[in-house]
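*Asks:* Chains as they are written, first to last, in our numbering: chain A, 1 to 340; chain B, 1 to 340; chain C, 1 to 340; chain D, 1 to 340.
Source of the hints: derived by calculation from the structure; they are not laboratory data.
There could be a bad hint or two in this list.
No copy labels: a pair is met if it fits in one copy or bridges any two.
What the hints assert, rightly or not - Here are the computed lysine-lysine pairs in the DSSO-like style, where the Cα-Cα straight-line distance is at most 27 Å:
1) Lys220 / Lys169
2) Lys113 / Lys219
3) Lys122 / Lys297
4) Lys276 / Lys304
5) Lys219 / Lys299
6) Lys220 / Lys276
7) Lys122 / Lys299
8) Lys169 / Lys260
9) Lys299 / Lys276
There are 4 protein chains.
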Amino acid sequence: MFSFASDYTQGAHPAILDRLARINLEQQPGYGEDPICDSAKEKIRTACQAPDADVFFLVGGTQANATIIGGMLQNYQGVIAAVTGHIACHEAGAIEAGGHKVITLPQENGKMKAADLEAYLKAFYADGTYTHMVIPGMVYLSFPTEYGTLYSLEELTAISAICAEYNLKLFVDGARMGYGLASPACDVTLADLARLCDVFYIGGTKVGALFGEAVVFPKKAPAYFFTTIKQKGALLAKGWLLGVQFDTLFTDNLYASISKNAIDQAFRLRDGFKAKGYSFYLDSPTNQQFVILENDKLKELEQKVTFSIWEPLDANHTVVRFATSWATTAQQVDTLLEMI
Amino acid sequence: MFSFASDYTQGAHPAILDRLARINLEQQPGYGEDPICDSAKEKIRTACQAPDADVFFLVGGTQANATIIGGMLQNYQGVIAAVTGHIACHEAGAIEAGGHKVITLPQENGKMKAADLEAYLKAFYADGTYTHMVIPGMVYLSFPTEYGTLYSLEELTAISAICAEYNLKLFVDGARMGYGLASPACDVTLADLARLCDVFYIGGTKVGALFGEAVVFPKKAPAYFFTTIKQKGALLAKGWLLGVQFDTLFTDNLYASISKNAIDQAFRLRDGFKAKGYSFYLDSPTNQQFVILENDKLKELEQKVTFSIWEPLDANHTVVRFATSWATTAQQVDTLLEMI
Amino acid sequence: MFSFASDYTQGAHPAILDRLARINLEQQPGYGEDPICDSAKEKIRTACQAPDADVFFLVGGTQANATIIGGMLQNYQGVIAAVTGHIACHEAGAIEAGGHKVITLPQENGKMKAADLEAYLKAFYADGTYTHMVIPGMVYLSFPTEYGTLYSLEELTAISAICAEYNLKLFVDGARMGYGLASPACDVTLADLARLCDVFYIGGTKVGALFGEAVVFPKKAPAYFFTTIKQKGALLAKGWLLGVQFDTLFTDNLYASISKNAIDQAFRLRDGFKAKGYSFYLDSPTNQQFVILENDKLKELEQKVTFSIWEPLDANHTVVRFATSWATTAQQVDTLLEMI
Amino acid sequence: MFSFASDYTQGAHPAILDRLARINLEQQPGYGEDPICDSAKEKIRTACQAPDADVFFLVGGTQANATIIGGMLQNYQGVIAAVTGHIACHEAGAIEAGGHKVITLPQENGKMKAADLEAYLKAFYADGTYTHMVIPGMVYLSFPTEYGTLYSLEELTAISAICAEYNLKLFVDGARMGYGLASPACDVTLADLARLCDVFYIGGTKVGALFGEAVVFPKKAPAYFFTTIKQKGALLAKGWLLGVQFDTLFTDNLYASISKNAIDQAFRLRDGFKAKGYSFYLDSPTNQQFVILENDKLKELEQKVTFSIWEPLDANHTVVRFATSWATTAQQVDTLLEMI
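Only chain A is shown next, with the shape it has when bound in the complex:
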């Protein structure tokens, strides 16, 4: 039985494994202080048009979120996220375990609205007792969001301006960055992110790598961020394993081209469901598609293919998620569409 349960069900793009096998027994310095990491970082700087960026490679998403937030915030500060933000609900309290409150704002299609952010901040600083509360120090956005949606350049620019006004860091979680950038609905580039954010990461785990997230500080990393990584248990001894993966992904546009495949297959899947009369929970322009299934249909379908139960919609319907990835084949989508 095959799976649309997530975009991390398979290993790495074969080009990564090939290269890994070739250099497997070469000796490398530890902890990312090797020439392969250097090369990968330089390619990422170029892709981001951020020649002075500090780049670090971490292993996974929750780890990246906790390490970045822990490294950038002061202890009296919290991080603002949409109530559906990954750090707000699906990270087992990793951010709070690091001492920081996640301050939640309403979401719409998984997105935080600039107007809500501004209203919150205005009200916060208007309250005479605000020093008795967690001081907002950062805004966390997911791009794409947990619902597959995208911030437009205009939206991102507005949020970035509010962050600047209220002295907040802007952090974009790009665990699925490739699938965002590859969407025809996207008008944001890595260079835009580098210009508008204080930090973001480019996800590898879900986009072609075995594992790995490339953290980019377009201006400058916080002091001793390497030590923070070590303290968080996030320092990979063989850091070059991360370097190899990102160096490969950022060679010959591989990251973009394999991301494109996920979008193409997601759209074929979406169109196929629509053609058969299915409704969608929302309109997602990326690799996650949220379909409304009748519960009987759901029970039937889950005998044949794996997908994610998202949430009950009403007594008779459930929202489910089908995720495509860099590795999804047209044939898998065809087979799925035949089943429904």
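Using the hints, position chains B, C and D against chain A.
*Replies:* Chains B, C and D only, in chain A's frame:
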């Protein structure tokens, strides 16, 4: 200019200061291991009809909340609170600084509803990915709430039963406990709390003491709770200062009788405002009264008396809070009522 | 039975209680934002010859240590202390609970030596892997030390210079500050401390107050230190209680004069023991005297008077501590000396 | 230039990469809930003769240490380690960042002595103020130690008995476990560790894997340890990557046989240095050899080969470390020996 801004604008009931002055130069062992604390604890056990209770004295409310939660929860657990709960919004992230997420549920008049709690827990454990999330380990209630309202015995019993079913500790923050118990609307006793809760505290800071909260574990304190107190920086060297205060408050029913004064004056204040046509934000049976003022009236009134701005209601009206206390005089209320 | 067990066995200097009783029912703003605190802070600035100092009042020593260290250090930093420093051994891990390693250096008579500090720092930064370790961010000294000893002005100056060179904050725990300043062996003043330190506190709990420590940042407090205090559960609702105490202690030289009494009685005690042939563990110029007792003598004496068992010296002897205080009377010392 | 700088300079045993390449595009469930992990866990249970053991796979050593300690200790507890233990000095304060003090005991050749442990615990509980201190909750040992030395079965048994007596968890960090077990000097087996410890891990990063540590709780894992892993940012999305590696290493005795190579080459290296008259800092029976070099010789040699500077011995000599690994060839050792 006098103040209805809070219930902690003045020192202690004179009986406390008198006794303190009498024993000031007697030598006592440190850290609460003295006979005065022993006596106070015994009186509290009696008042709670909980002969086996472990009792500890802490200095303040946020400190008590952080110490109790930190001492009772495992690191993977969070605490459930109404979104208006003190720990959720006004403690500068003290709970998160201790590593625990505050999981918020909707509130109605400052109260958490048993039905909402149960629905949350059912949905939580129905989600196949719940081990990726903070595990709920405790329910936090305020009695009275931050809006002066009270849980009925029936409501508390229902919440306690849900806690038992889902293996949650039940913790009641009683920073204003006296004002709850003294309300004619209250059908809950200290003995009920001891029966229904795993831990609660009886507030002194706002109810007749200079400072201090008496933490009661009706069954048993967590292991090494004394060490947890020390680790949280919450161990008072001269612990007998807390003992003296609670021993006095729990002698001759003083705690109850001075709490009653706050209620009497609050009701006079309420009735006086009502008589002059003012509306209330909600119906509070305790010492905090939430009045709706026209903004012009507000500006005029704050030249003459101090009170708390709670929140804007609409463009022309604001919710303000008047708090009475054990020390409020009938004359103060009269003077206020003349002003309005 | 009377006690030399510690310098915090009794309440406050009567002048404090008198004043407290007089203003007990006056209404004050909360959280230290009152005119009494303002006055006390100004007196402390004057005493420290530090007109721009930020002053905060906290309740106790461990709380002050944890709050100051948590407020001044970044998460990747640790604090250097003598192995006998209070934060290193007697605070139940409060500093580590806040996320910071206590890096211990050898002690001599309770003091850290500038040479040891410099050697440690040189070796630390000479190690090519130092970014894998906790970065030293602060030096913690006690003045007087846990063994009653004092840093000379020359020693403090040397340590301060090393701190400046290696970008470390210098923090002096003055829980017994008065007893240090009042010693004839002391050549350090509050003004020296203000010049040489980044932060220090002037202890009240052990020197005439019911409780309280006055934290002085001679240059500037860390951003949002008020919020840090709240987050640590260290914000006293009735902050004016702390203001009253320090305002009284810093009026008419009271802090110095009552401290002097402790020294006078400690020296009488010391001389009395010496005259009877007792040996001392070390030569303490302040209010803590460390006497070597034969174990039989110890057993006999502890039937009559309370003191602290410090540590076994050898199979037959034990080091014990006698502490005098602002409240110790000449008669108590005489009685003790008759017993031995 | 080749390197003896560490045992993690190269990738994985080729059998691992081969298998990874074969299954790379197969779809697997996430987070270690896959059949490959199940198989690997079962093989490890068998190797440990611990059929009821709970096994988890983590990515690296510091991460494993912080996650295990954080998952097993209560907040008021600390962990006892030799002063040279990895958690005490080389993990950037990861344990303290999780809130726990590392309580250090003296070391001898990198080992904690049972007698020192027992003396510490006796003295600790004999001190009447012990509840003011961090309560010891765990003993941390490294096997082999950071100096390549090994605890004998007798030593481990003695420490385990003390742990049982004083209610301490016993935790063995086996980042280099294979190199310990493969030493002819070793009389300890995985089954012994499973019998004597509460938790230990079998290192992969340094012993044939790309990365990974297999954490074994011989009796039972702490409640919600999966959630703790997630909270620590230590949950690998593609957990099967860890399963594949350990399943391969524990097939056909591969872990033992490749570990043996490191020992054989280390001993050839040692004998070669000895034959040329070099002294050793201590007698290591495993893959890390600590040679004393004259500083001139050191400078000459580091032009030709990479190794680790350990510490200065005296003005003219330095201790350096040569580490072999599963991948070290006889030819590399020969070449090195020709250089010296």
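*Asks:* Give a verdict on every hint.
*Replies:* Comparing the hints with the structure gives:
1. Lys220 / Lys169: both (12 Å within a copy, 24 Å between copies)
2. Lys113 / Lys219: within (25 Å within a copy, 41 Å between copies)
3. Lys122 / Lys297: between (47 Å within a copy, 24 Å between copies)
4. Lys276 / Lys304: within (18 Å within a copy, 69 Å between copies)
5. Lys219 / Lys299: neither (50 Å within a copy, 38 Å between copies)
6. Lys220 / Lys276: neither (50 Å within a copy, 50 Å between copies)
7. Lys122 / Lys299: So Lys122 and Lys299 pass the 27 Å test across copies only (21 Å; inside, 48 Å).
8. Lys169 / Lys260: Answer is neither; intra-copy 30 Å and inter-copy 49 Å both fail.
9. Lys299 / Lys276: So Lys299 and Lys276 pass the 27 Å test inside one copy only (18 Å; across, 63 Å).
The structure is inconsistent with the numbered hints 5, 6, 8, although it conforms to all the rest.
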